[in-house]
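This is what each chain is made of:
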Amino acid sequence: MTLVRYEPWNMLDQLHREMNQLFDNRLNKSSPDDSQVATADWVPAVDIREEDKRFVIHADIPGVDPKDIEVHMENGILTIKGERRQESEEEREGYKRIERVRGSFFRRFCSLPDTADAEAISAKARDGVLEVIIPKHEQQQPRRIQVES
Amino acid sequence: MSTLQQLKQGLGRFWDSLSEGWQQLQQRAGHALTRFQPGAKRGELQTREEQIEQQASRWGLLAAELQEDEDSISVRLEAPGLDREHLDISVIDHHLVIRGEKHVQREQTQGRYHIMECAYGQFERALPLPAEVDDSGARARYRDGILTVTLPKAPHSRSRRIEVQG
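These protein sequence lines are chains A and B, in that order. Counting from 1, one number per residue, gives the positions in the first sequence under the UniProt record's numbering. Counting from 1, one number per residue, gives the positions in the second sequence under the UniProt record's numbering.
Keep in mind the hints are simulated off the structure, nothing from the lab. Just so you know, these numbers come straight off a predicted model, no measurement behind them. Treat each hint with caution, since some may be false.
Here's a subset of chain A near chain B, in silico, CB distances under 8 Å, partners left out [what the hints assert, rightly or not]:
(1) E51
(2) D65
(3) K67
(4) G94
(5) R97
Beta carbons: idealized from backbone N, C-alpha and C, even for Gly.
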């Protein structure tokens, strides 16, 4: 028979840890610029993929005008931010259901390796999906070194 | 008051505020949480696209909003990256039913994923409509990842202003 100890604090502690983890992961709390994260209204979901010659990032940003998106990279830190605006000012009344969140979004990625070429970064948005392409530096692509006999 | 009592009270308040926050979150976002079914056919040979979809998140947040005015109802749904040709919109039993598909594209199969949070596959959402609508007059538009459906109300359910005669 296994003895199970009654430890209510464990659960609370675990909950606390899980919540912290959730917020840390989603908002990259460890980044130096916390102030903007704290004021962001929503956080887009992203996919990050690494190919041989580039990194490709997709972010779900439905309802954001491409003009209101800002992408920049500095010291290996990629920042995506922008704003989802109200479609039009008169559309405020008569809501029967509101699940959508408007306002600013912010997401920052610190773990991009040195191979990422910040100068050649490009971004485009289509159907509410933002695509950011960061090429890798030419010379840092993996090379196969022939062993001479 | 003993320390134990204080502790108990504090804990009680903590749970109350936690559950209150959770309820608010659920009210606001609970319905938006939508299940995505990977598009792969069972038992058949999977393409690389389908394999990636299998690994992707099964849940996506598709936030909707519904607005009603005197003679129409408009619904907006945040659904980024959909294939237009697979969008299926219908009115069934006082609900607006939206079915759609978001797929991993061929060029997304190269390399390896470091982070994968976006949901892929098929989804369906049914939104209860607050009034009878005339679905023959429905219009839909898809722009910047927002699907907007405008439904005119059925003639008998339009609100009429009734003049009081003196």
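So, going through the hints one by one against the coordinates:
no.	hint	in the structure
1	E51	4 Å, holds
2	D65	7 Å, holds
3	K67	11 Å, violated
4	G94	5 Å, holds
5	R97	4 Å, holds
The structure is inconsistent with hint 3 alone, although it conforms to all the rest.
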